[in-house]
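Letter by letter, the chains look like this.
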Amino acid sequence: MGPEILRDISFHIPDRSFQFLSGPSGAGKTTLLRLLFLALRPTRGLITVFGKDRSRISRDELPLIRRRIGVVFQDFRLLDHMTTYENVALPLRVRGREEASYRNDVIELLKWVGLGERMNVLPPVLSGGEKQRAAIARALIEQPEILLADEPTGNVDPPLARRLLRLFLELNRLGTAVVIATHDVGLMEQVDARRMILSGGRLEIYD
Amino acid sequence: MTDATERPRSPEARPVANVPSPPRRKMAPIVPEQNIAGRALVLVIAIMTFLSCLTLGAVTLVRDSASVWENQIARGATIQIKPSDGLDMEAALDSAARIASGFQGVKSTRIVDRAATSRLLEPWLGANLNLDELPVPRLVIVEIDIASPPDFAAMRSLLASELPTASLDDHRAWIDRLVAMARTTVMIGVAVLVLMLSATVLCVVFATRGAMAGNGHIIEVLHFVGAQAGFIATEFRRHFLLTGMKGAAAGGFGAVVVFIAFSFWSSMNLATPEADQATALFGNFAIGSAGYAGVVLIVLVIAALTAATSHFTVVAYLAEMENRHPDH
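Chains A and B, in that order, are what the protein sequence lines are. Going by our numbering, the first sequence opens with residue 1, and the numbers climb by one from there. Going by our numbering, the second sequence opens with residue 208, and the numbers climb by one from there.
Calculated from the structure, these hints are not laboratory results. From a predicted model like this one, the values you see are computed outputs, not experimental measurements. There could be a bad hint or two in this list.
Facing chain B, a subset of chain A residues (Cβ under 10 angstroms, in silico) [said to hold, decoys possible]: (1) L62; (2) L160; (3) R194; (4) R195.
On the chain B side, residues computed to face chain A include the following (Cβ under 10 angstroms) [stated by the list, open to error]: (5) V412; (6) H430; (7) F519.
We treat Cβ as the ideally placed atom computed from N, Cα and C, and that holds for glycine.
Just chain A, with the same shape it has in the complex:
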């Protein structure tokens, strides 16, 4: 057992809320997001997701709960052997949907995030910003109930960062709760939103 990364943390993410999760590097932002995304089990403590106790969720239920959560990884996690279009369509494909039923949605979303010209390209030839947008598009394609984004604007220039932020705000307006983990003070200053600051393993919330 190593040292505890997070302790004495208690918070609630309401439906349709919008918040930033901030704090210095190594404070545990990514760990907290992974706990929320059910990618990690807490060593102790209680996590309730969509009204269910994390420790009581069976392995068979996990994928069904994850489908209600969109996640944008800091390292994108795109599959290199699939085109941008196929990567973004992956969440729909694993649900067993026919391509014809989602094709137009995927194309429309890719165009919106500015990847209309890059949809038949494999991730290794995409720039960092393009990969970021593809990862965001993949998280949004099913309009999740909550979106967790880890440094989603870390690899894009300020105009595109503002555009992505507008996208997140728009998604929130349409009913998705959004948690954006970021260092970017400039980004946070653009929106008057709840801020959750992690420091030394503890969490302070500024509503």
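Model the placement of chain B on the given structure of chain A, informed by the hints.
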């Protein structure tokens, strides 16, 4: 869950004109086609399948030959009559032949006549041998129906009571020795085959795990986009079943080619000293249908094994992911 087709669109969404849409091609497979580890896996499976099939072929060849030898010897028995004072040899031979013929399971009897007996002894005693001058035992050859052999014990006791100098040799001693030798040979062959198959199983398991190791990130991504464990396992199982099939089929095909080549060589060289030697030892040197059926079985087992290994690796990987803790 909201269906994507009903997803409310952002008012900012402005479809860009003249953007090429993806061509309607087949979607890339979820598990990528082949990487270096995948190609190495195909090669390892092919080689191990080939060697296993050759071992199986050798075992069936020995087993078939042993059974041919056994049948050939079991087809006959011999009654030997030793001369004694006052014995009318010709009458005794006739009587022995008659007694033997009376048993069920005896197809025919043949008395080895004086000329044939002389020829048998010629290498040792020279030509122009007068059989009357020497107490030479005489033989009656009894041809046996292998399907229902006669009661040798009853035949032996009847002969002993009627012709005290007659003895029956049913070749049992030879057959027993031959059967023992053939069984030993087949057992050694089977042991080699079991070792070969075990080595193949382990090679296939480790090579599959090696090829799977490069796919951990795919399992993770599928897991995080909400794929169920069954879906992920099925995708990998299908991919590795195909990989296993390719390798095993190539190895099995190679083995069949070798079998056919041997049998062709054997038939081309009939009547040469080398082929006579091989024929004496292995009959017609052809792998029987059991050998070919075995090849098909080995190919299927190895392909299934590859698929099963990938399945269990995926399931274990997913279970490990579910149980990760922050400090691990």
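(request) Please write out, lowest number first, the hints stated earlier that are contradicted by the structure. (result) Going through the list in order, the structure violates hints 2, 3, 4, 5, 7 and respects the others.
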